[in-house]
Amino acid sequence: MEWPPCAPCRKSPVTAQQAAAQCNSRSSDSQQQHRHFQSREGGGDAEISRGTERSKNSLRPPRMKRRLSRDREDSTSSCEGQTDSCKRVKQPEDSGDLLSNWARLPQEILLHIFQYLPLLDRAFASQVCRGWNQAFHMPELWRCFEFELNQPASSYLKATHPDLIKQIIKRHSNHLQYVSFKVDSSTESAEAACDILSQLVNCSLKTLGLISTARPSFMELPKSHFISALTVVFVNSKSLSSLKIDDTPVDDPSLKVLVANNSDTLKLLKMSSCPHVSPAGILCVADQCHGLRELALNYHLLSDELLLALSSEKHVHLEHLRIDVVSENPGQQFHTIKKSSWDAMVRHSPKFNLVMYFFLYEDEFGPFFRDEIPVTHLYFGRSVSKEVLGRVGMNCPRLVELVVCANGLRPLDEELIRIAERCQHLSAIGLGECEVSCSAFVEFVKMCGRRLSQLSIMEEVLIPDHKYSLDEIHWEVSKHLGRVWFPDMMPTW
Amino acid sequence: MVVNSVHWFRKGLRLHDNPALQETLNGADTVRCVYILDPWFAGSANVGVNRWRFLLESLEDLDTSLRKLNSRLFVVRGQPTDVFPRLFKEWNVTRLTFEYDSEPYGKERDAAIIKMAQEYGVETMVRNTHTLYNPDRIIEMNNHSPPSHLQKISSHCESTRTSQETVANHYSRANGQISDNHDEHYGVPSLEELGFKTQGDSSHVWKGGETEALERLNKHLDRKAWVANFERPRITAQSLFASPTGLSPYLRFGCLSCRVFYYNLRDLYMKLRRRSSPPLSLFGQLLWREFFYTAATNNPNFDRMEGNPICVQIPWDHNPEALAKWAEGRTGFPWIDAIMTQLRQEGWIHHLARHAVACFLTRGDLWISWESGMKVFEELLLDADWSVNAGSWMWLSCSAFFQQFFHCYCPVGFGRRTDPSGDYIRRYIPKLKDYPNRYIYEPWNAPESVQKAANCIVGVDYPKPMINHAESSRLNIERMKQVYQQLSHYRGLSLLASVPTIQEEAEPPMSDDSQASSSTAGQPSSPTPSPHQPTPAPSTPPNSEPSTPNTSPSAAAPGAHAQRKRVRPSGLPSKQKSKVKHTNQAKGVEQKTDEKQ
Numbered sequence: 001m002e003w004p005p006c007a008p009c010r011k012s013p014v015t016a017q018q019a020a021a022q023c024n025s026r027s028s029d030s031q032q033q034h035r036h037f038q039s040r041e042g043g044g045d046a047e048i049s050r051g052t053e054r055s056k057n058s059l060r061p062p063r064m065k066r067r068l069s070r071d072r073e074d075s076t077s078s079c080e081g082q083t084d085s086c087k088r089v090k091q092p093e094d095s096g097d098l099l100s101n102w103a104r105l106p107q108e109i110l111l112h113i114f115q116y117l118p119l120l121d122r123a124f125a126s127q128v129c130r131g132w133n134q135a136f137h138m139p140e141l142w143r144c145f146e147f148e149l150n151q152p153a154s155s156y157l158k159a160t161h162p163d164l165i166k167q168i169i170k171r172h173s174n175h176l177q178y179v180s181f182k183v184d185s186s187t188e189s190a191e192a193a194c195d196i197l198s199q200l201v202n203c204s205l206k207t208l209g210l211i212s213t214a215r216p217s218f219m220e221l222p223k224s225h226f227i228s229a230l231t232v233v234f235v236n237s238k239s240l241s242s243l244k245i246d247d248t249p250v251d252d253p254s255l256k257v258l259v260a261n262n263s264d265t266l267k268l269l270k271m272s273s274c275p276h277v278s279p280a281g282i283l284c285v286a287d288q289c290h291g292l293r294e295l296a297l298n299y300h301l302l303s304d305e306l307l308l309a310l311s312s313e314k315h316v317h318l319e320h321l322r323i324d325v326v327s328e329n330p331g332q333q334f335h336t337i338k339k340s341s342w343d344a345m346v347r348h349s350p351k352f353n354l355v356m357y358f359f360l361y362e363d364e365f366g367p368f369f370r371d372e373i374p375v376t377h378l379y380f381g382r383s384v385s386k387e388v389l390g391r392v393g394m395n396c397p398r399l400v401e402l403v404v405c406a407n408g409l410r411p412l413d414e415e416l417i418r419i420a421e422r423c424q425h426l427s428a429i430g431l432g433e434c435e436v437s438c439s440a441f442v443e444f445v446k447m448c449g450r451r452l453s454q455l456s457i458m459e460e461v462l463i464p465d466h467k468y469s470l471d472e473i474h475w476e477v478s479k480h481l482g483r484v485w486f487p488d489m490m491p492t493w
Numbered sequence: 001m002v003v004n005s006v007h008w009f010r011k012g013l014r015l016h017d018n019p020a021l022q023e024t025l026n027g028a029d030t031v032r033c034v035y036i037l038d039p040w041f042a043g044s045a046n047v048g049v050n051r052w053r054f055l056l057e058s059l060e061d062l063d064t065s066l067r068k069l070n071s072r073l074f075v076v077r078g079q080p081t082d083v084f085p086r087l088f089k090e091w092n093v094t095r096l097t098f099e100y101d102s103e104p105y106g107k108e109r110d111a112a113i114i115k116m117a118q119e120y121g122v123e124t125m126v127r128n129t130h131t132l133y134n135p136d137r138i139i140e141m142n143n144h145s146p147p148s149h150l151q152k153i154s155s156h157c158e159s160t161r162t163s164q165e166t167v168a169n170h171y172s173r174a175n176g177q178i179s180d181n182h183d184e185h186y187g188v189p190s191l192e193e194l195g196f197k198t199q200g201d202s203s204h205v206w207k208g209g210e211t212e213a214l215e216r217l218n219k220h221l222d223r224k225a226w227v228a229n230f231e232r233p234r235i236t237a238q239s240l241f242a243s244p245t246g247l248s249p250y251l252r253f254g255c256l257s258c259r260v261f262y263y264n265l266r267d268l269y270m271k272l273r274r275r276s277s278p279p280l281s282l283f284g285q286l287l288w289r290e291f292f293y294t295a296a297t298n299n300p301n302f303d304r305m306e307g308n309p310i311c312v313q314i315p316w317d318h319n320p321e322a323l324a325k326w327a328e329g330r331t332g333f334p335w336i337d338a339i340m341t342q343l344r345q346e347g348w349i350h351h352l353a354r355h356a357v358a359c360f361l362t363r364g365d366l367w368i369s370w371e372s373g374m375k376v377f378e379e380l381l382l383d384a385d386w387s388v389n390a391g392s393w394m395w396l397s398c399s400a401f402f403q404q405f406f407h408c409y410c411p412v413g414f415g416r417r418t419d420p421s422g423d424y425i426r427r428y429i430p431k432l433k434d435y436p437n438r439y440i441y442e443p444w445n446a447p448e449s450v451q452k453a454a455n456c457i458v459g460v461d462y463p464k465p466m467i468n469h470a471e472s473s474r475l476n477i478e479r480m481k482q483v484y485q486q487l488s489h490y491r492g493l494s495l496l497a498s499v500p501t502i503q504e505e506a507e508p509p510m511s512d513d514s515q516a517s518s519s520t521a522g523q524p525s526s527p528t529p530s531p532h533q534p535t536p537a538p539s540t541p542p543n544s545e546p547s548t549p550n551t552s553p554s555a556a557a558p559g560a561h562a563q564r565k566r567v568r569p570s571g572l573p574s575k576q577k578s579k580v581k582h583t584n585q586a587k588g589v590e591q592k593t594d595e596k597q
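First to last, the protein sequences are chains W and R. Under the UniProt record's numbering, think of the first position of the first sequence as 1, with each following residue one higher. Under the UniProt record's numbering, think of the first position of the second sequence as 1, with each following residue one higher.
These are calculated hints, taken from the structure and not from any lab test. Note that the structure is predicted; figures quoted are calculated from it, not measured. Glycine included, C-beta positions come from ideal geometry on N, C-alpha and C. Accuracy of the hints is not assured; some may be wrong.
What the hints assert, rightly or not - Pairs of lysine-lysine, BS3-like flavour, derived with a Cα cap of 27 angstroms:
hint : chain 1 : residue 1 : chain 2 : residue 2
1    : R       : Lys-481   : W       : Lys-158
2    : R       : Lys-224   : W       : Lys-467
3    : R       : Lys-375   : W       : Lys-158
4    : R       : Lys-481   : W       : Lys-351
Said to hold, decoys possible - Stretches of chain W that chain R covers, calculated by requiring three or more beta carbons in the stretch to come under 8 angstroms of a beta carbon on chain R:
hint : stretch
5    : 189–196
6    : 278–292
7    : 387–397
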């Protein structure tokens, strides 16, 4: 992945140019560093006040210097125009008159340096002088924030300090653009996320993610409370491009608000397991958000109309569609999707990925894989019958990845061979509690050959037969793959 | 010069293949074998009654064997650091021997004792026999890091042969004085003395001691020879029950020498098969043991998530109530409950059963930390070695060693595959014994009439399932993906991680500077590590920080959280970074080079 360059600033034209030059020529290595530092956000006012103490500590400056000097190396090696200011940075070390010169660092350079620092270090640095304190609050440094909301009683994770949250809402909420909330399993944390959301009245977010790091807790909130907080963002932002609200009580009316305000910009919408949304609700999104390129939802929201809406002429190509097929109660009947709807989808977006996760009982697969389906990534989270896997081999010509967590006690030999035969793009496969005879497995690998880039097979899956023992199969498979391969093992203990 | 020897038993509770014990005997004028035990500690320690019973039986057995050699076992009450100075003086000790303990805690304890012995002018001799190989040697041969996968262990070293000398020959001429009140001072204590109530449940399955271990070894080899199939045995319902040929608890306490076991197996294989090298799978269990011992020997935090460089930091839930249900076999899933009941009653469960309950507790269903599960096993499982227990838990919870995580064992289907008739469940959960086979793994799905006929109403006589497995496994897979996607660009681990997302492109192009910092932590599913997640080694090595906030006296202040996080070596120090790259492919390359050697 390309990492976007970090922010230059444009207060004075000269330095902006220089900074731009720097950004363009930065080595990928330093981008890497940039990412690490940026990502180590968190902490709070307490650190800031500790920072005062610490900055008096004589041990602190060397580290700061080291970071600066590394940063400088990047800069000097990459841009000529920068040399003057570099000298200025260097000078204090020679003259020994540290403080006065540090204070004179131009804001632009400070900002540039600060962008390499994790929040905590920026907070320490902000205690040094007024100038640095101002730099600490520059909007560029607050575009992106991840709120971590965890209760000590329910999570091992640390939490963003409440004082820091207050400060961000007070001073930086209008700067926020890329926001995510990581929430543990407690209702309090979900509550806290909603409180923050409802205070983001004067900001314009581009991305918003509500991420449950444990058992989803948004579902436990009163629906109206959650909706009103979420719609604050929808109404005020107007340019949301990415929205992740899996496992939340979002509903049709709130999606309408989303569409009414953000239809031109929305590109990504993830809303798996949102039980209050109806097929009509998601259809409204598809009808009006023509830029939508990635969508994740549960099967019960999938309809022929939705697929047709997504493949209308006005609509951009869809890139990823993820469907979770979850069984809510045993014996549930699932509707079918017409082949013609899928065909329309493929005609419109020939390269789109269809990722399907099945968490069904064996007897619920009736309506699935009867007709050709353009699925690319298939994940069977529970036991799936030989028969269904046979149908997969017949009807999934675009299949790229297949994971079978469990199957009955009969070997899957013919099914695998058929999949190798007919799924010409298959490049990744994982088998859990299944059985395959060693010869059939070798045959499968031989047929797929080196295009199998991922081959995760539990050791127990492979049943030795007259042709291959377990020791031999590792050689045989390695030979056909062109690399050394071992089955996955669980410890015997 | 008079040589007064003391052999200190800890593990290695046997007389056979015990080189340290032989060193004790070598030219000694008096020999005493001691076991140090703190009865005060016994009650409070997190070790269950079955493990204590096994230990005491093993000590009894040692004492019996020593009696035959006109000696006795001295069980000394107290802590080693208090006991030894007293013994050194009282017995005028000149030589102390013991088996090498490679575990970090043991190394620290032994270092202190060796130092103490030096001060008293006592010579110490230590021999490595609890593992086949010397873990430090394996690490040395593997470029100074523990091997990352099993296949490498065996390729590195050849184990040292067992010592065939028997202790008995030497013993007769060197005995410490046995006083008349030996039993009073140094007798093997009873369970009651350790504070356990034993109400006549004498029907325990595993009897401790070297004698029993050697009998079992013979039966084990007979059975192997009889089956004459050294490939992985097919697992049947019968495998789930305690077997009279099971050996793992005896290896744990050292009642059986792992080297004796290894060479007996090997020799038998070569005799029967006439093939030069036995397959790896023949020694599966033994090699896993070596693997985890080696991984743990230099890692004092091996048994926890925080501060453990090989452990992925996963945001497990705190949920004491759910943990208790699991530990006490009240989950409402008969397969899980039967396993936990067997574990509590007998102290041993089959390794597949371990996989099932470990997966259920952690990544599969309950999303509770492997550390909690490890502690329960520590208490109940007879063969729970510190290293093997922690290592296996990390493995099964996908916290280390980078196994696939897409595969969660189903608490219904997995057991049914192994034991379709449910006899195992009927044995350990008699309440369910009248359920028909069809429903015995999922009684909540049985019609009311069936429940009534079986005299066991779900929700009344037997708990309802505590969790919806389909739903929880769906959620947990997503969580695992969150965790692993944050571990840099690592994609080799799991198939799931290759499911794409347009995440990065969802942001507007970075044409103007206003987009500057979009690349930071705000993108949850980008590979950016979050502050509290493992961060692939930052360029500043953690220990080179001149001052760590931890040293600040006010570490308990509100900011302490975030401060601690910085002290921690960023979740994963550089070692881990390289570990992360061990995709299957990388594994392969390593293996190749191994084979060339």
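Structure-based check of all given hints:
1. A distance of roughly 20 angstroms separates the Cα atoms of R:Lys-481 and W:Lys-158; the hinted pair therefore holds under the 27 angstroms criterion.
2. For the hint pairing R:Lys-224 with W:Lys-467, the CA-to-CA distance comes to about 23 angstroms; that is within 27 angstroms, so the pair holds.
3. For the given pair, R:Lys-375 sits about 23 angstroms from W:Lys-158 by alpha-carbon distance, which is consistent with the 27 angstroms threshold.
4. Of the pairs offered as hints, the one joining R:Lys-481 and W:Lys-351 holds, with about 24 angstroms between alpha carbons and a cut-off of 27 angstroms not exceeded.
5. Figure legend: the stretch 189–196 of chain W, annotated as covered by chain R; annotation inconsistent (0 residues with Cβ-Cβ distances under 8 angstroms, at least 3 required).
6. Taking a C-beta to C-beta cut-off of 8 angstroms, the stretch 278–292 of chain W contributes 0 residues in contact with chain R, too few for the three needed, and the coverage statement is violated.
7. Counting residues of the stretch 387–397 of chain W whose beta carbon lies closer than 8 angstroms to any beta carbon of chain R gives 0, which falls short of the minimum of three for the stated coverage.
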